[in-house]
Amino acid sequence: MTHKAKASLSEELSWYESNKRAWLESHSDKFVLIGGKTTVGFFDSYEKAFEAGLGAFGIGTDFLIKQVVEHEPVFVIY
Amino acid sequence: MKYSRSYSRTELRRTGPKITVTIGHPQKAISLAERSHVDLKRPYKVTALIDTGASRTVISPQLAATCGLQKTGEARISSAGHITNRPEFVGAIHFPDQELRSFDPVSLVACPLPEQDVACLLGRDILERWNLTYDGRSGLVEVEE
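The listed protein sequences derive, respectively, from chains A and B. Under the numbering used here, the first residue of the first sequence is numbered 362, with each subsequent residue one higher. Under the numbering used here, the first residue of the second sequence is numbered 18, with each subsequent residue one higher.
Fair warning: there could be bad hints in the mix.
[Claimed, not checked] Keeping only pairs whose Cα atoms sit at most 20 Å apart, straight-line, the calculated EDC-like set for lysine to aspartate or glutamate is: (1) 409/A <-> 159/B; (2) 391/A <-> 159/B; (3) 391/A <-> 91/B; (4) 391/A <-> 431/A; (5) 88/B <-> 142/B; (6) 45/B <-> 431/A.
Just so you know, the hints here were simulated from the structure itself, not pulled from any lab data.
Given only the sequences and the hints, what does the whole structure look like? Please build it.
Okay, structure coming up:
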């Protein structure tokens, strides 16, 4: 199957950016789970957020999992 | 000892330590799909490079599409001197015919890879769970958990 066509997660990323400042105060380093403009919750790990995402949105719908950090890390690959 | 492979010194220097992995959906997604009578794409077996130089585990975009993985975000990636946003997918990594434990679920970044025969780089997010021994003199590579 293919996942529903929200391939860019742009709505969720915009929602994250618009709330990031407040969340840094209250949920720094937690993993936030977002679908559309709905904030499902904050979790201690990516794994727990994913499990909650499956419960909230089911299979086949993309959702955003993002760690709440002030500066977005740059991961060096090669 | 969970994983051990011997190379010639020349081969190890030329190719680096490689391991066969299977990339697929997380077990929780598979279970939910079965209960929902939804078909997911099957896992895919590829060659991975154990890469201490990679801070994250990376798969090729083609592999992400082949496996039909679910996107969960974006990551800023520095590769070949350029910083770009790359999609993150949730998946699972298994080690067929090895005693190594699976990573399930795991976040995977999709990024074009320079080596055609390598579709996955096992980065330091995986290596933080392993004790990796690289003996360049004997060509022996070992992994302990």
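Hints, verified against the model:
The hinted pair formed by residue 409/A and residue 159/B fails the criterion: a straight-line CA distance of about 31 Å is larger than 20 Å. For the given pair, residue 391/A sits about 34 Å from residue 159/B by alpha-carbon distance, which is inconsistent with the 20 Å threshold. Our distance criterion of 20 Å between C-alpha atoms is met by residue 391/A and residue 91/B, whose separation comes to about 16 Å. Distance check on the hinted pair: residue 391/A and residue 431/A sit about 12 Å apart at the alpha-carbon level, within 20 Å; holds.
Taken as a hint, the residue 88/B and residue 142/B pair is honoured in the structure, with Cα atoms around 18 Å apart against an allowance of 20 Å. Annotation: proposed proximity of residue 45/B to residue 431/A is violated, straight-line Cα distance about 31 Å (limit 20 Å).
When held up to the earlier numbered hints, the structure conflicts with 1, 2 and 6 and fits the remainder.
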